[in-house]
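A.B. asks: What follows is each chain in one-letter form.
There are 2 protein chains.
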Amino acid sequence: MSETNLVEKKVAYLGPPGTFSHSAVLAYFDGGIQLVDCPTIDDVFTAVENDEVGFGVVPVENSSEGAVNNTLDCLVNTPLKIIAEVVLPIEHHLMVKAGAQADQLKKIVSHKQSLAQCRKWLSKRWPTTTQEECASNAEAARRASREDGTAAIAGKMAAEVYGLDILESAIQDQEDNSTRFLVISKSMPASSGRDKTSTLIYTENRPGALFRVLEPFEHNQVSLTRIETRPSKKDIWDYVFFIDFEGHISDESVKQVLKKLAECTVEVKVLGSYPVANTQ
Amino acid sequence: MSETNLVEKKVAYLGPPGTFSHSAVLAYFDGGIQLVDCPTIDDVFTAVENDEVGFGVVPVENSSEGAVNNTLDCLVNTPLKIIAEVVLPIEHHLMVKAGAQADQLKKIVSHKQSLAQCRKWLSKRWPTTTQEECASNAEAARRASREDGTAAIAGKMAAEVYGLDILESAIQDQEDNSTRFLVISKSMPASSGRDKTSTLIYTENRPGALFRVLEPFEHNQVSLTRIETRPSKKDIWDYVFFIDFEGHISDESVKQVLKKLAECTVEVKVLGSYPVANTQ
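So the sequences go chain by chain: A and B.
If you want the working numbering, it's the 1-based position in the first sequence plus 247.
If you want the working numbering, it's the 1-based position in the second sequence plus 247.
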């Protein structure tokens, strides 16, 4: 049995190969791993839950587009823990089949969101070229590798996976466009000394509920880094809060906050304590 | 000049005809209006801003799927005001060309989100039938009206617009599935006695910022009905808060809250004070 057949050496990610999630896997893991690409975010969670792989990597937030709701909704039900975050700058490139020339270009394909993120550039440089949406940037790159006259907008990783030439680099309209990914697994790491904690909080649906959730953070000087609201899916127009804050669950101040929250909310689920990404 | 050529009688909505936004228009307006269907949410805002129409209707939140981010992002930049909300129960139906039979059905088409909302029902009733995504439910209905063997999943309105027969009703997996729509225009209505106010709040990106935003609400006993976070698009990993609360800007308690917020935040934009929908 080779080393890479061990479950703990297998990493599932949102595929197909060449996605930004694929890049996030390579940025976080040191090598000696076996990659498993999954068609959906749900499938990544399921693969880790069923011990088919030891780790999963999924996008959770883009700096321009906001939360990835599908990942948040999966976090509600999973017993898995977040063990790390990876922040990647998102750069889009225009790429074509190796050797193809710009003047042969008839069509530009990419994921809807990527076409949107390059809208100004496209209308300036390729105003009359047909645009076509497809399921992912990696799928766009795969098509560009097979179809004459088709260019893809995708990340560098996709160009490498499908052997494409990059015609123009960093074509996204917005600078500072980054995506945050989560690494999920079955057990939580010990404190690194510079951690954050992610929680999911259910409150009673009554006036002042969120204020009472935030009071213990203020009282214990624990800084929130992010708050997101999602439908609870229990009652109509009822919400859950995803609250991220500085510190590890083994910190005294965090213990105090969690103790107080247990008293004033319906439920607090700790999704994980993990090191803050260096790139933030 | 006929009455329906007056700008104030024209209503733009997220089309094509047969969408739930179309139903929301008919639920809110009394008739004597001219409908203008727009291909995107941005186009609805632009039509009202440019005085091509007097009102716009866009979806803002679904009870299962959460916020419609595109609408929130449009609200950031628009000078328009929210003048009303409309809450519609969302029921999906399976529909075919008039006279077509269930046993001729080869393909089911709908918007990705609607296919997802009927996933369990589809896997039970039509486990082997091909599913195909398209741009909107109304577009799916239009296709079903033209293609033999194609059924659409869409709302009742779409069946009426495209003259389809409903084969099976209320097929969505989740009961209590509703969508909230906003009516936007250039001026704000006076207090109705039972109103809510929507605001957009920019805070400094420092510890305790959100707590200080919520304090004046708690102090003045003004109840929050909803909070959403979106990327500010000014700085990376910087957020704005969409906060809805009970009361009208002409109420003394609301005036106090807004005064205090002006002192402790970077900016507060009032998006509108408008009557609470009856169906909530």
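Hints are not guaranteed to be accurate.
You can't tell identical chains apart in this list, so a pair holds if it fits in one copy or across any two.
[Unchecked claim] Below, in silico cross-link-like pairs of lysine to aspartate or glutamate (DMTMM-like), each with a Cα-Cα straight-line distance of 25 Å or less:
#1 Lys-359 with Glu-514
#2 Lys-502 with Glu-394
#3 Lys-354 with Glu-462
#4 Lys-359 with Asp-491
#5 Lys-516 with Glu-380
#6 Lys-359 with Glu-312
#7 Lys-433 with Glu-407
#8 Lys-353 with Glu-255
#9 Lys-328 with Glu-394
#10 Lys-353 with Asp-289
#11 Lys-502 with Glu-338
#12 Lys-371 with Asp-289
#13 Lys-480 with Glu-312
#14 Lys-481 with Glu-499
#15 Lys-481 with Glu-422
#16 Lys-344 with Asp-284
#17 Lys-507 with Glu-465
#18 Lys-502 with Glu-379
#19 Lys-480 with Glu-338
#20 Lys-516 with Asp-350
#21 Lys-344 with Asp-412
#22 Lys-480 with Glu-422
#23 Lys-354 with Glu-407
#24 Lys-507 with Glu-462
#25 Lys-403 with Asp-298
Worth flagging that the hints you see were computed from the coordinates, not collected in a lab.
A.B. asks: Compare the structure with each hint and give your call.
C.D. replies: To see whether the hints hold, each was checked on the structure:
1. Lys-359 with Glu-514: Neither way: Lys-359 and Glu-514 sit 37 Å apart in one copy and 32 Å across, limit 25 Å.
2. Lys-502 with Glu-394: neither (57 Å within a copy, 61 Å between copies)
3. Lys-354 with Glu-462: So Lys-354 and Glu-462 fail the 25 Å test inside a copy (54 Å) and across (53 Å) alike.
4. Lys-359 with Asp-491: neither (29 Å within a copy, 30 Å between copies)
5. Lys-516 with Glu-380: Neither. Shortest intra-copy (38 Å) and inter-copy (35 Å) distances fail the 25 Å Cα cut-off.
6. Lys-359 with Glu-312: both (12 Å within a copy, 19 Å between copies)
7. Lys-433 with Glu-407: Answer is neither: 32 Å inside a copy and 51 Å across each miss the 25 Å cutoff.
8. Lys-353 with Glu-255: neither (45 Å within a copy, 43 Å between copies)
9. Lys-328 with Glu-394: neither (42 Å within a copy, 47 Å between copies)
10. Lys-353 with Asp-289: neither (35 Å within a copy, 28 Å between copies)
11. Lys-502 with Glu-338: The answer is neither: 39 Å in one copy and 45 Å across copies each exceed 25 Å.
12. Lys-371 with Asp-289: Cα proximity of Lys-371 and Asp-289: across copies only (20 Å, versus 38 Å in one copy).
13. Lys-480 with Glu-312: The answer is both: 23 Å in one copy and 9 Å across copies each meet 25 Å.
14. Lys-481 with Glu-499: neither (33 Å within a copy, 35 Å between copies)
15. Lys-481 with Glu-422: between (39 Å within a copy, 11 Å between copies)
16. Lys-344 with Asp-284: within (23 Å within a copy, 40 Å between copies)
17. Lys-507 with Glu-465: both (12 Å within a copy, 19 Å between copies)
18. Lys-502 with Glu-379: Classified as neither; 51 Å inside a copy, 49 Å across copies.
19. Lys-480 with Glu-338: Cα proximity of Lys-480 and Glu-338: across copies only (17 Å, versus 35 Å in one copy).
20. Lys-516 with Asp-350: neither (55 Å within a copy, 48 Å between copies)
21. Lys-344 with Asp-412: The answer is within: 6 Å in one copy meets 25 Å, while 47 Å across copies does not.
22. Lys-480 with Glu-422: between (36 Å within a copy, 10 Å between copies)
23. Lys-354 with Glu-407: Only inside one copy: Lys-354 and Glu-407 sit 21 Å apart there, 37 Å across copies, limit 25 Å.
24. Lys-507 with Glu-462: So Lys-507 and Glu-462 pass the 25 Å test inside a copy (9 Å) and across (18 Å) alike.
25. Lys-403 with Asp-298: Neither: 31 Å inside a copy, 44 Å across copies.
In summary, the numbered hints that this structure violates are 1, 2, 3, 4, 5, 7, 8, 9, 10, 11, 14, 18, 20, 25.
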